[in-house]
Structure formats: structure tokens, C-alpha cells
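Number of protein chains: 2
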Amino acid sequence: MVEAVELKYQSMQQGSCAQTLEFQIYFNDHVDNDFNMLFKILPFSSPYFSAGVPGSFHNRLFPKGTLHLVHSNYALQWLSKVPEEVQDKNSPACNKGKTYCTWAKKEVREAYYSLFRNDWKSFLNARAEELVEGGLMAIQLPGVPHGAVPSQTGAGLLLELLGSCLDDMAKRGIISEEKVDSFNMPLYFPSAQDLERVIVMNNKFTIERMEFLSQPEKESFDPILKSLHMRAIAEGII
Amino acid sequence: MVEAVELKYQSMQQGSCAQTLEFQIYFNDHVDNDFNMLFKILPFSSPYFSAGVPGSFHNRLFPKGTLHLVHSNYALQWLSKVPEEVQDKNSPACNKGKTYCTWAKKEVREAYYSLFRNDWKSFLNARAEELVEGGLMAIQLPGVPHGAVPSQTGAGLLLELLGSCLDDMAKRGIISEEKVDSFNMPLYFPSAQDLERVIVMNNKFTIERMEFLSQPEKESFDPILKSLHMRAIAEGII
Numbered sequence: 001m002v003e004a005v006e007l008k009y010q011s012m013q014q015g016s017c018a019q020t021l022e023f024q025i026y027f028n029d030h031v032d033n034d035f036n037m038l039f040k041i042l043p044f045s046s047p048y049f050s051a052g053v054p055g056s057f058h059n060r061l062f063p064k065g066t067l068h069l070v071h072s073n074y075a076l077q078w079l080s081k082v083p084e085e086v087q088d089k090n091s092p093a094c095n096k097g098k099t100y101c102t103w104a105k106k107e108v109r110e111a112y113y114s115l116f117r118n119d120w121k122s123f124l125n126a127r128a129e130e131l132v133e134g135g136l137m138a139i140q141l142p143g144v145p146h147g148a149v150p151s152q153t154g155a156g157l158l159l160e161l162l163g164s165c166l167d168d169m170a171k172r173g174i175i176s177e178e179k180v181d182s183f184n185m186p187l188y189f190p191s192a193q194d195l196e197r198v199i200v201m202n203n204k205f206t207i208e209r210m211e212f213l214s215q216p217e218k219e220s221f222d223p224i225l226k227s228l229h230m231r232a233i234a235e236g237i238i
Numbered sequence: 001m002v003e004a005v006e007l008k009y010q011s012m013q014q015g016s017c018a019q020t021l022e023f024q025i026y027f028n029d030h031v032d033n034d035f036n037m038l039f040k041i042l043p044f045s046s047p048y049f050s051a052g053v054p055g056s057f058h059n060r061l062f063p064k065g066t067l068h069l070v071h072s073n074y075a076l077q078w079l080s081k082v083p084e085e086v087q088d089k090n091s092p093a094c095n096k097g098k099t100y101c102t103w104a105k106k107e108v109r110e111a112y113y114s115l116f117r118n119d120w121k122s123f124l125n126a127r128a129e130e131l132v133e134g135g136l137m138a139i140q141l142p143g144v145p146h147g148a149v150p151s152q153t154g155a156g157l158l159l160e161l162l163g164s165c166l167d168d169m170a171k172r173g174i175i176s177e178e179k180v181d182s183f184n185m186p187l188y189f190p191s192a193q194d195l196e197r198v199i200v201m202n203n204k205f206t207i208e209r210m211e212f213l214s215q216p217e218k219e220s221f222d223p224i225l226k227s228l229h230m231r232a233i234a235e236g237i238i
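Chain order of the listed sequences is P and L. Counting in the numbering used here, the first sequence runs from 1 upward without gaps. Counting in the numbering used here, the second sequence runs from 1 upward without gaps.
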């Protein structure tokens, strides 16, 4: 990314006396992230200055007008929390006995969708304040085809599998049923239309380009690989 | 410090419509520092944005002209390394059998002093590039009276005590003599005159104010307290 910006800058300055650019990269993650490990694996002699920024990207993290480029990679599918209604026994959106909205009724899916919209609004508002005028944002995240319900998607089915494992553990008495009931994954995989809608509604950014990266599921289902995958995603919060 | 800057700003803007200031605080320490712990103890709702910056303050850490105020607290007595001559058996400045220059001959003390000057030059050059024009730097560090040799100072005697303990351990065969020989503390406690000289010679900063904070040694010598003190200072590098 640093190289890309440098190349762009050089091509824009062609002919004139281009200054050498200096880069400062902020690495953001939750407070619970292992920043010590991150700092140890950063190259000793790197072409940029590094800083770690702890905190949720759903809130403000930087002073106004101090960022030129924001890059979010495989992170914005995370919601700020589990939708409250989903864990409320008296709500029609209660998702009792499940850990995600894979096969859930409309009310549960709508609770997830509603929080997705609020979270994205917070995210876009925060970044709009922090970016300089004309600043750029590049976002990569796993999404779903337009109109697909979670039970028609790979991620939805994988999370259903996790729920089913926890359910089995409860049935065998390894964990309590209440614990399974109280756990839901705070994830929402949006469609391109979902994203367009929140970005247009928010009105702080324009979409310059949107691309789909296909990532076909492997034909064979490898249980060990899948469990490692799920462990990497969910172990920290279970 | 944030409060002090805010008060100063408000008093300067009195009468006119003062903007609300936003603060971004960078916490710098070596890569080996426990940034995870630091981030966990930062107040959740703080009046500033936080970032951790790993790396040596003897080198550049930030892009040019991006800092308004630098504060170094009890850190600049650390040298970037042990002076090379001090560990060179063929040098007249070799400090064999000792861990600091407390009772050392002139050549050893000069090797420490020479590295102190070089390190401060690097530190001042780096900060001069990073600070905005008119930026401010506040430094607190433990020093010694003018003309005092290390054997006349509390810090020098405490480090001599550490050396003597390591020496005892070598004599009892707990650690090897070579290990003791290879270990020296990379510290230099400057006098006000030492500091004035490096800052004036460097010519990148002017001294606005210099104050002495007296910190009288307690009359009674508490061995447990002293060993805790020494452990906090030296355990990480021994």
C-alpha cells in the first residue's frame, strides 16, 4: 500500500521536483489484541513509522483531519456487540438456543441488520471526521450475494456448525444451556446492496469503486481446517 | 500535561471564540515494553486519543513536523548501548570485572561521556525533525551535581552494589566471570553543565528553563526497597 501511494505520488509529480514522502502507519485493533507481538514482527528497518492504536473502530480513534488513507481489511463484518433483542427472552427477536442467525426467523435477522446499519453509521461518521478532505478509504470484507439469507451462505452454515457443536456440549453437560443461550456471534456479512445503502444514506463518502473478489469454497470439506478456521475467529470471544 | 496545554490555550484565546482542542498522545518505549499492559490500563474514556510507538528514542520515530510537545520522563539517562571500548579487552577503557563506571578510571568514564554526547545528539536531531516549528520539549531525568564523579553519587554507588552482587555470584560459581565481565549498565547521569553543553553544541533547541528537583536520599538504607528498585531498573537487561 505504501508502494502504491509512492508510485501514484511520483507519477503525479513527474517532471517537477518531488519531495520524499514519509509514511506513518497506525495499526488499529481492540485493546485485547496482542500489540506486543505485532510490534515484534514489524520489520526493524521499515519504510514507514509505526504506531499501535487500541480501541474499537466503531468509535473515534484519531484527531480530526489527520488521516490520508484508511484501510480496513477483513474486519468490518464484526458488529460492535450482539444485538440486544437477540439476547432478550421477552423479545420476538430472541435467538434462544442458537449462536447466529443462520436459520433464524425474520425478526432475528432484522435485529442483526439494524445493528449493522447503526455500526456502519458510527464507523463512517468517525472516519469522516478523522480523514483529511479528499482522503481515501479502502475496505475489504467478506460479504454475501444480494438477497441471500444466512442459511444460503458459507459463513452462515459454518457458524451454524459452531452453534450445533456448542449445543451438543450443552446436551452432554459439558457447558450449561444458559451459557449457549447467552452466546451469539456479533457478525454481519453484508451484500453489496447493503453497503451501498448505508454509504449513500450516510452521505459522508462517495463510492469510487466496488469490486467482487471471488473466493470459491474448496470442494472437499476439511474438518481440521474448518475447526482451525473457526478457532481463529471465535476462540477469543467464546 | 493535557490540562496544562488546554489552560494555556484558553488563556491565549481569551475573548475570542476558542475551538475545542483534540489531543493525540503517543506513548513511546522499546519494542520489548509491555504495550498490552499499557493499553489495558489507559482510562476507557480519556480526554485524548492514544497510540503506542515502539522503538528507540535515539532514532526517528515520527514523520517530520508532526509533534507539538515532546515529554521525556526519567528515560534519557539510558544510553543507546554500552560504550564499545568498555567491553573491549584491548582498549584502555576496558571495564573488566565491573558493571558500571562508579570507581572506574578516567578512560572508562570518558567512554561513557562520549557515548552520552553522541546519543543526545541523535536524540535532539531526531526530535528537531519531528517537532513542528516552535514546538516544545520537556525533559525530566536524574542527574548529578557539576563535577561529581560517579563514586560520589547515589546512583553510582547503587550500581556499584549491583556489580558487587554479580561479582559475589561469580565467585560462588552461580554465574560465570565472563558473563559479569560482559555486562555493563548503559546509563549516564549528566550534570546540568553536561546537558547545557550538548544542547548548545547541537544548536537545534534553546533552553527555556532548567530546574533542579531535589530528591534527598532517605537516611535509613532499606535493603528490600533498594533491591526492588534495582530489580525494576535492571532485571530486564541482566
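Bear in mind the hints are in silico, worked out from the structure with no lab data behind them. Quick reminder that beta carbons are idealized off the backbone N, C-alpha and C, glycines included. Check before you lean on any hint, since a few could be wrong.
Sample of chain L residues facing chain P (criterion: CB under 10 Å; computed from the structure) [stated by the list, open to error]:
{"id": "1", "residue": "Y26"}
{"id": "2", "residue": "F35"}
{"id": "3", "residue": "F39"}
{"id": "4", "residue": "L42"}
{"id": "5", "residue": "F44"}
{"id": "6", "residue": "Y48"}
{"id": "7", "residue": "H58"}
{"id": "8", "residue": "F62"}
{"id": "9", "residue": "K64"}
{"id": "10", "residue": "T66"}
{"id": "11", "residue": "V70"}
{"id": "12", "residue": "D168"}
{"id": "13", "residue": "A170"}
{"id": "14", "residue": "K171"}
Simulated DEER-style distance windows between Cβ atoms [unchecked claim]:
{"id": "15", "chain 1": "P", "residue 1": "A232", "chain 2": "L", "residue 2": "E211", "range": "48 to 54 Å"}
{"id": "16", "chain 1": "L", "residue 1": "V132", "chain 2": "P", "residue 2": "V2", "range": "55 to 61 Å"}
{"id": "17", "chain 1": "L", "residue 1": "V31", "chain 2": "P", "residue 2": "A148", "range": "43 to 49 Å"}
{"id": "18", "chain 1": "L", "residue 1": "F27", "chain 2": "P", "residue 2": "K8", "range": "42 to 48 Å"}
List of simulated lysine-lysine pairs, BS3-like, C-alpha gap at most 25 Å [stated by the list, open to error]:
{"id": "19", "chain 1": "P", "residue 1": "K81", "chain 2": "P", "residue 2": "K179"}
{"id": "20", "chain 1": "L", "residue 1": "K40", "chain 2": "L", "residue 2": "K81"}
{"id": "21", "chain 1": "L", "residue 1": "K179", "chain 2": "L", "residue 2": "K106"}
{"id": "22", "chain 1": "P", "residue 1": "K40", "chain 2": "L", "residue 2": "K81"}
{"id": "23", "chain 1": "P", "residue 1": "K40", "chain 2": "P", "residue 2": "K204"}
{"id": "24", "chain 1": "P", "residue 1": "K81", "chain 2": "L", "residue 2": "K40"}
{"id": "25", "chain 1": "L", "residue 1": "K105", "chain 2": "L", "residue 2": "K179"}
{"id": "26", "chain 1": "P", "residue 1": "K226", "chain 2": "P", "residue 2": "K179"}
{"id": "27", "chain 1": "P", "residue 1": "K64", "chain 2": "L", "residue 2": "K8"}
{"id": "28", "chain 1": "L", "residue 1": "K96", "chain 2": "L", "residue 2": "K204"}
{"id": "29", "chain 1": "P", "residue 1": "K64", "chain 2": "L", "residue 2": "K106"}
{"id": "30", "chain 1": "P", "residue 1": "K8", "chain 2": "L", "residue 2": "K64"}
{"id": "31", "chain 1": "P", "residue 1": "K89", "chain 2": "P", "residue 2": "K105"}
{"id": "32", "chain 1": "P", "residue 1": "K105", "chain 2": "P", "residue 2": "K81"}
{"id": "33", "chain 1": "L", "residue 1": "K40", "chain 2": "P", "residue 2": "K40"}
{"id": "34", "chain 1": "P", "residue 1": "K89", "chain 2": "P", "residue 2": "K171"}
{"id": "35", "chain 1": "L", "residue 1": "K64", "chain 2": "L", "residue 2": "K121"}
{"id": "36", "chain 1": "L", "residue 1": "K96", "chain 2": "L", "residue 2": "K106"}
Structure-based check of all given hints:
no.	hint	result
1	Y26	holds, 6 Å
2	F35	holds, 5 Å
3	F39	holds, 4 Å
4	L42	holds, 7 Å
5	F44	holds, 9 Å
6	Y48	holds, 9 Å
7	H58	violated, 14 Å
8	F62	holds, 6 Å
9	K64	holds, 6 Å
10	T66	holds, 7 Å
11	V70	violated, 15 Å
12	D168	violated, 34 Å
13	A170	violated, 32 Å
14	K171	violated, 37 Å
15	A232/P to E211/L: 48 to 54 Å	holds, 53 Å
16	V132/L to V2/P: 55 to 61 Å	violated, 24 Å
17	V31/L to A148/P: 43 to 49 Å	holds, 45 Å
18	F27/L to K8/P: 42 to 48 Å	violated, 32 Å
19	K81/P to K179/P	holds, 17 Å
20	K40/L to K81/L	violated, 30 Å
21	K179/L to K106/L	holds, 24 Å
22	K40/P to K81/L	holds, 19 Å
23	K40/P to K204/P	violated, 37 Å
24	K81/P to K40/L	holds, 19 Å
25	K105/L to K179/L	holds, 21 Å
26	K226/P to K179/P	holds, 23 Å
27	K64/P to K8/L	holds, 21 Å
28	K96/L to K204/L	violated, 37 Å
29	K64/P to K106/L	violated, 54 Å
30	K8/P to K64/L	holds, 21 Å
31	K89/P to K105/P	holds, 15 Å
32	K105/P to K81/P	holds, 20 Å
33	K40/L to K40/P	holds, 19 Å
34	K89/P to K171/P	holds, 20 Å
35	K64/L to K121/L	holds, 17 Å
36	K96/L to K106/L	holds, 14 Å
Checked against the numbered hints above, the structure breaks hints 7, 11, 12, 13, 14, 16, 18, 20, 23, 28 and 29 and satisfies the rest.
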